[in-house]
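J.: Position chain C with the ligands against the provided structure of chain V, taking the given hints into account.
Heads up: the protein sequence lines correspond to chains V and C, in order. The first sequence maps to residues 14 to 372 in our numbering. The second sequence maps to residues 32 to 310 in our numbering.
Any given hint might turn out to be false.
Stated by the list, open to error - So the derived list for chain C, only partly shown, Cβ under 7 Å to chain V, looks like this: (1) 200; (2) 201; (3) 203; (4) 204; (5) 207; (6) 208; (7) 209; (8) 210; (9) 219; (10) 221; (11) 222.
Honestly, the hints are just simulated from the structure, not real lab data. Quick reminder that beta carbons are idealized off the backbone N, C-alpha and C, glycines included.
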Amino acid sequence: MSGISVQGVSKSFGDVQAVQAMDLEVAEGEFVSILGPSGCGKTTLLRMLAGLEFPTEGQISIGGQVVNDKSPADRDIAMVFQSYALYPHMTVAGNIEYPLKKRKVPKAEREERIRQAAAMLKLEDLLGRKPRELSGGQQQRVALGRAVVRDPAVFLMDEPLSNLDAKLRSHMRAELIQLHRRIGRTMIYVTHDQLEAMTMSDRIAIMHEGALQQLATPKEVYARPANAFVAGFIGMPPMNLVDAKLDGDGNLSVFGRQYRFVASDGPGHSGEQTVKVGFRPEDVVLRDDGEAARVAIVEPTGHEVIVVFEIDSARIVGRVSPELDLKADDQVRLAPRVERIHVFSGTDGDRLGGVHSEG
Amino acid sequence: MAGQRSFARKLMFNAFAWTIVLVIVFPLIWMILTSLKPQSELFMIPPGFFPEQVTFEHYWRLLTETPFLTYLRNSTVLATATTLIVIIIATLGAHSLTRFAYPGREFLARAVLFTYLLPSVVLILPLYFLMINVGLGNTLASLVIAYTTFALPYALWLLRSFMAGIPDDLEAAAMVDGASRMRAFVDVILPQALPGIISTALFTAILAWNEYLYALVLVNSDDVRPLTTGVMSMLVTSFNIEWSLLMAASVMMSVPLIFVFVFLQRYLTRGFGAGAVKG
Ligand SMILES: Nc1ncnc2c1ncn2[C@@H]1O[C@H](COP(=O)(O)OP(=O)(O)O)[C@@H](O)[C@H]1O
Ligand SMILES: [Mg+2]
Numbered sequence: 014m015s016g017i018s019v020q021g022v023s024k025s026f027g028d029v030q031a032v033q034a035m036d037l038e039v040a041e042g043e044f045v046s047i048l049g050p051s052g053c054g055k056t057t058l059l060r061m062l063a064g065l066e067f068p069t070e071g072q073i074s075i076g077g078q079v080v081n082d083k084s085p086a087d088r089d090i091a092m093v094f095q096s097y098a099l100y101p102h103m104t105v106a107g108n109i110e111y112p113l114k115k116r117k118v119p120k121a122e123r124e125e126r127i128r129q130a131a132a133m134l135k136l137e138d139l140l141g142r143k144p145r146e147l148s149g150g151q152q153q154r155v156a157l158g159r160a161v162v163r164d165p166a167v168f169l170m171d172e173p174l175s176n177l178d179a180k181l182r183s184h185m186r187a188e189l190i191q192l193h194r195r196i197g198r199t200m201i202y203v204t205h206d207q208l209e210a211m212t213m214s215d216r217i218a219i220m221h222e223g224a225l226q227q228l229a230t231p232k233e234v235y236a237r238p239a240n241a242f243v244a245g246f247i248g249m250p251p252m253n254l255v256d257a258k259l260d261g262d263g264n265l266s267v268f269g270r271q272y273r274f275v276a277s278d279g280p281g282h283s284g285e286q287t288v289k290v291g292f293r294p295e296d297v298v299l300r301d302d303g304e305a306a307r308v309a310i311v312e313p314t315g316h317e318v319i320v321v322f323e324i325d326s327a328r329i330v331g332r333v334s335p336e337l338d339l340k341a342d343d344q345v346r347l348a349p350r351v352e353r354i355h356v357f358s359g360t361d362g363d364r365l366g367g368v369h370s371e372g
Numbered sequence: 032m033a034g035q036r037s038f039a040r041k042l043m044f045n046a047f048a049w050t051i052v053l054v055i056v057f058p059l060i061w062m063i064l065t066s067l068k069p070q071s072e073l074f075m076i077p078p079g080f081f082p083e084q085v086t087f088e089h090y091w092r093l094l095t096e097t098p099f100l101t102y103l104r105n106s107t108v109l110a111t112a113t114t115l116i117v118i119i120i121a122t123l124g125a126h127s128l129t130r131f132a133y134p135g136r137e138f139l140a141r142a143v144l145f146t147y148l149l150p151s152v153v154l155i156l157p158l159y160f161l162m163i164n165v166g167l168g169n170t171l172a173s174l175v176i177a178y179t180t181f182a183l184p185y186a187l188w189l190l191r192s193f194m195a196g197i198p199d200d201l202e203a204a205a206m207v208d209g210a211s212r213m214r215a216f217v218d219v220i221l222p223q224a225l226p227g228i229i230s231t232a233l234f235t236a237i238l239a240w241n242e243y244l245y246a247l248v249l250v251n252s253d254d255v256r257p258l259t260t261g262v263m264s265m266l267v268t269s270f271n272i273e274w275s276l277l278m279a280a281s282v283m284m285s286v287p288l289i290f291v292f293v294f295l296q297r298y299l300t301r302g303f304g305a306g307a308v309k310g
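Chain V extracted, bound-state conformation (with noise of 0.2 Å):
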């Protein structure tokens, strides 16, 4: 029994709030991610969770244990830092028997523990070297090795990868999954990639302005945004949200067409109200009896084309096939696919339903 219980819980540093009243059910074995923009309070959160901060209010239990009060070394818990935070005045064999010698595993055990993680992460060739003598991906293996060499209930991980490049941080995606796979322990893991969330998650918390917005499968947190903010946090380019009107009888007028509300999925509406309509790029479509936009800003990226559309003076952007070959002030018409029509609140930017027909 390993897994995660946040109930509650909120940190302010003086008059900053940096989490608020944050709840959190992570499954044992689970990859939970944590998503969000800088700054929005993913760090203070997972140091919470790690015992290096104290909430101001809320209740924290890893594996069935309350652990507000515990310090981080008995928490049975590994962190790997954004930063690495190896250190620097021992080898990467040292480094990576701290953790065992701070728990007094005898030393014929340690040396077999450390010899083990080092060939699971290939560092076999590296560890008699200090820090300074690696470069940033080795640095980075080094602190995976330090935590996993542990085997401890629940990983925290920081940003681990954003120091590294594109091309190395995709290999190393591939290796955390595989690495989560074989251990099969829980894991929080704190990005503000959305690429990283999607492709490593059981599930993503979504976290803005230090509140937990959604928590879902990526497939959900996708394809049924809680928010306008998650809507137009998720997905590159994101989605589109424009303003619309509500009346009373549930009929939706988005650029001078109607649809059909409906609350499906979410709490519904009552009376008129403005709302925002989402849609993503990809259920842009163009159609004869579509909105008359003009081709404003056209990027090819190889198999599709992210075009800017502007319908008076809203833009749209929208995800074509390069076969179109549409070219800047074409003139076009173009509409949602009526589907994937998503609407949110006007007011709080909270899930109000979809759509359901035209007309």
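T.: Positioned in the frame of chain V, the structure of chain C with the ligands alone reads:
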């Protein structure tokens, strides 16, 4: 062309540097040579640079016929005790000032610096009476306390800026790896701060070794005098200065410091926490 010009520039630079070195080193060489000359050669006209006859008699007299060894022991005790006390307090204090957030922390740090800015002369008399009142008049302990008061503020600031450069994550990593806070301090902060601690220790030791004014005022008997005041009171009187002995004493006073420097130099320049933390 370019090669020639840069050669000329190098030559000039070297000549310039060597001139400065010679100007600085000359008195020291003169001191050593004088200490090796017999008394009769001292005031020869014209003066000779190298001794015609090398003698160690002044050193021998100093060691056997004067309290020089007592002074040496006192100075050693003073420098060691002051350095130990200052380093222990300053290291822990600097750690506190960099790692913990508490109200008044910045004020405290500034207040400490402010005390360092006070000219030490103004504190002599108050300290003198204080020492007498607490029963420490004319003891080595009174000098240790006095030296600690001027070395500590500076040491604290030096170490604080040093420790501010050590990433917080290192200590956090050690704690996650199973160390207590104190253990993490010993295992990862101290080794990182070592070059800073050694520089600070040197600064303190030199201050205690060379200090004159307080030694003159706070102690006044031969059994507790350090080298600075001891040698002066023994060899310099209003009627006569024993130049040969004075030079021999000066050489012997400098030797321990030179040794310490040579021994510690490699620690001072050794790579600090390079590569500890990226990004
Ligand atoms: N020790 C601290 N003291 C004061 N403010 C802090 C401290 N740590 C974090 N913060 C603030 O809390 C907020 C969240 O920070 P952080 O958790 O580091 O964000 P993230 O990791 O998501 O980028 C930021 O506004 C940051 O400035
Ligand atoms: Mg962070």
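J.: For every hint, state whether the structure bears it out.
T.: A quick look at each hint next to the structure:
Taking 7 Å as the C-beta contact cut-off toward chain V, the hint placing residue 200 of chain C at the interface holds, the least distance being around 4 Å. Taking 7 Å as the C-beta cut-off, the interface hint given for residue 201 of chain C holds, the closest approach to chain V being about 5 Å. The criterion of a C-beta within 7 Å of any C-beta in chain V is met by residue 203 of chain C, whose closest approach is roughly 5 Å, and the hint holds. Interface restraint check: residue 204 of chain C against chain V, minimum CB-CB distance 4 Å, threshold 7 Å, status holds.
A cut of 7 Å between beta carbons decides the hint on residue 207 of chain C: the least distance to chain V is about 5 Å, and the hint holds. Because the smallest distance between the Cβ of residue 208 of chain C and any Cβ of chain V comes to about 4 Å, under 7 Å, the interface hint for this residue holds. Here the hint on residue 209 of chain C is kept, as its CB sits about 3 Å from the closest CB of chain V, short of 7 Å. Taking 7 Å as the C-beta contact cut-off toward chain V, the hint placing residue 210 of chain C at the interface holds, the least distance being around 5 Å.
Hint status for residue 219 of chain C: holds, given a least beta-carbon distance of 5 Å to chain V, under 7 Å. The criterion of a C-beta within 7 Å of any C-beta in chain V is not met by residue 221 of chain C, whose closest approach is roughly 10 Å, and the hint is violated. Contact between residue 222 of chain C and chain V, as hinted, is supported at the beta carbon level, the nearest pair being about 4 Å apart and thus within 7 Å.
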